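Line by line, the protein sequences are chains L and X. In terms of the numbering used here, the first sequence opens at residue 29 and continues consecutively. In terms of the numbering used here, the second sequence opens at residue 3 and continues consecutively.
By construction, these hints were calculated from the structure, which means they are not laboratory data. As the structure is a prediction and not an experimental result, all values here were calculated from the model. In this text, a Cβ means the ideal position worked out from N, Cα and C, and glycines have one as well. Among these hints, one or two may not hold up.
Stated by the list, open to error - Derived lysine-lysine pairs resembling DSS-like cross-links, with alpha carbons at most 27 Å apart:
hint, chain 1, residue 1, chain 2, residue 2
1, L, Lys141, X, Lys46
2, X, Lys46, X, Lys21
3, X, Lys77, L, Lys143
4, L, Lys35, X, Lys46
5, X, Lys25, L, Lys144
6, X, Lys46, L, Lys146
7, X, Lys54, X, Lys21
8, L, Lys207, X, Lys54
9, L, Lys143, L, Lys207
10, L, Lys141, X, Lys77
11, L, Lys30, L, Lys47
12, X, Lys54, L, Lys44
13, L, Lys203, L, Lys146
14, X, Lys77, L, Lys30
15, L, Lys143, L, Lys30
16, X, Lys77, L, Lys146
17, X, Lys77, X, Lys54
18, L, Lys43, L, Lys141
19, X, Lys75, L, Lys207
20, L, Lys47, X, Lys54
21, X, Lys21, L, Lys203
22, L, Lys144, X, Lys24
23, L, Lys44, X, Lys46
24, L, Lys43, L, Lys143
25, X, Lys21, L, Lys47
26, L, Lys203, X, Lys24
27, L, Lys35, L, Lys47
28, X, Lys54, L, Lys144
29, X, Lys24, X, Lys77
30, X, Lys25, X, Lys46
31, X, Lys46, L, Lys207
32, X, Lys24, X, Lys46
33, X, Lys54, X, Lys75
Stated by the list, open to error - Chain L regions said to be covered by chain X (calculated; three or more residues, Cβ under 8 Å):
hint, stretch
34, 138-145
35, 193-206
What the hints assert, rightly or not - Here are the in silico distance ranges between beta carbons for each label pair:
hint, chain 1, residue 1, chain 2, residue 2, range
36, X, Lys77, L, Gly125, 45 to 51 Å
37, X, Asp33, L, Asn89, 57 to 63 Å
38, L, Gly129, X, Lys77, 22 to 28 Å
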Amino acid sequence: MKEFFIKLGDHPIYKKLLKEPLTYVAGAVLLSVFQIAHFTVFQKGWGVTSTFAVWGTWVYNVLGGDAGSWAYYASEKMQQELHTSFLADGGSIRNLGIIFGALAATLFASQFKIKKIKTLRQVVAAILGGLLMGYGARLANGCNIGALFTAIASFSLSGWVFGAFLLVGAFIGSKLLAKYFM
Amino acid sequence: MAEFTLDCLGEACPVPLMKTEKKMSELSVGDVLVVSIDHSCAMKNVPEWARKQGHNVEIEEVDDGEWEIVIEKAK
Chain L
29 MKEFFIKLGD HPIYKKLLKE PLTYVAGAVL LSVFQIAHFT VFQKGWGVTS
79 TFAVWGTWVY NVLGGDAGSW AYYASEKMQQ ELHTSFLADG GSIRNLGIIF
129 GALAATLFAS QFKIKKIKTL RQVVAAILGG LLMGYGARLA NGCNIGALFT
179 AIASFSLSGW VFGAFLLVGA FIGSKLLAKY FM
Chain X
3 MAEFTLDCLG EACPVPLMKT EKKMSELSVG DVLVVSIDHS CAMKNVPEWA
53 RKQGHNVEIE EVDDGEWEIV IEKAK
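Pulled out of the complex, with its shape left as it was, chain X reads as follows:
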């Protein structure tokens, strides 16, 4: 049940999604990944991808134009 972070601030699509996909494959079930983004279209495609994979996803708006996507690896 470890928690990992991924800093994607200042990075544009599709880099945040590619980095998230790669990082998630290294995690074990039950681990949590917190992805920091400031690119609004990553706020759509990263959670969309993660939900499609069956993970639990939560989005937090931490500041103007800045989000944390919390993904719990479900399988």
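One chain only, chain L, in its complex shape:
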């Protein structure tokens, strides 16, 4: 059995399909095809982070908060989001799909590894970075998927504006990275 898997692991088709990374062009084409399919099926562009806000509010409400009165949830559509359940919410399922899909891909490639945390600095940077990303995504009404990728694909000027400032942020981020992690 073990021999079979070692042989399979060396097979060129397995390597090509599951182990080696796709080219950037192949990735771009697949993303385009899937986002068109997403738009066709759900009549809605692909987004990721709005769902995180809804998750956060669910937790907040369970702990006794009342997010229903916030301006963010004023529209009828957003009110619905507050009262739907996890399994009935397309956005939640889609985000889970990304996580499970990524896990499946690393397992298929036999590249799964639990990484060690190297320094406390990494932990601090990860937490700060995550908070800033979440906060920024809400202010900008989307992340690099909803506000950049989907917006540009929908011929919206806002996507390009988001992209320009994304570059500014990446520039500042890389300077900080060079300062604190090199």
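Take the given structure of chain L and dock chain X to it, following the hints.
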């Protein structure tokens, strides 16, 4: 013809690439740098950068999700 190592285990993009670039600039022609990584996208961008610079590159998969990128400085 000295051999150097660079431990980038547990480090995410773009840190492995930045560290490799810095280390490679300190090496002399003919020296070899072995970069240990466990971040799959560094497995793409580090060799890509090194090949573009004209160095000789080899990738070895040492364990599940762990690689050694061997770069020989060519110029």
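How the hints compare with the structure:
no.	hint	in the structure
1	L:Lys141 x X:Lys46	holds (17 Å)
2	X:Lys46 x X:Lys21	holds (15 Å)
3	X:Lys77 x L:Lys143	violated (34 Å)
4	L:Lys35 x X:Lys46	holds (24 Å)
5	X:Lys25 x L:Lys144	holds (23 Å)
6	X:Lys46 x L:Lys146	holds (22 Å)
7	X:Lys54 x X:Lys21	holds (17 Å)
8	L:Lys207 x X:Lys54	holds (26 Å)
9	L:Lys143 x L:Lys207	holds (23 Å)
10	L:Lys141 x X:Lys77	violated (35 Å)
11	L:Lys30 x L:Lys47	holds (18 Å)
12	X:Lys54 x L:Lys44	holds (22 Å)
13	L:Lys203 x L:Lys146	holds (21 Å)
14	X:Lys77 x L:Lys30	violated (43 Å)
15	L:Lys143 x L:Lys30	holds (25 Å)
16	X:Lys77 x L:Lys146	violated (33 Å)
17	X:Lys77 x X:Lys54	holds (12 Å)
18	L:Lys43 x L:Lys141	holds (18 Å)
19	X:Lys75 x L:Lys207	holds (26 Å)
20	L:Lys47 x X:Lys54	holds (23 Å)
21	X:Lys21 x L:Lys203	holds (14 Å)
22	L:Lys144 x X:Lys24	holds (23 Å)
23	L:Lys44 x X:Lys46	holds (14 Å)
24	L:Lys43 x L:Lys143	holds (23 Å)
25	X:Lys21 x L:Lys47	holds (25 Å)
26	L:Lys203 x X:Lys24	holds (15 Å)
27	L:Lys35 x L:Lys47	holds (14 Å)
28	X:Lys54 x L:Lys144	violated (31 Å)
29	X:Lys24 x X:Lys77	holds (15 Å)
30	X:Lys25 x X:Lys46	holds (18 Å)
31	X:Lys46 x L:Lys207	holds (24 Å)
32	X:Lys24 x X:Lys46	holds (18 Å)
33	X:Lys54 x X:Lys75	holds (12 Å)
34	138-145	holds (count 7)
35	193-206	holds (count 3)
36	X:Lys77 x L:Gly125: 45 to 51 Å	holds (46 Å)
37	X:Asp33 x L:Asn89: 57 to 63 Å	holds (60 Å)
38	L:Gly129 x X:Lys77: 22 to 28 Å	violated (41 Å)
Hints 3, 10, 14, 16, 28, 38, counting from the list given before, are not met by this structure.
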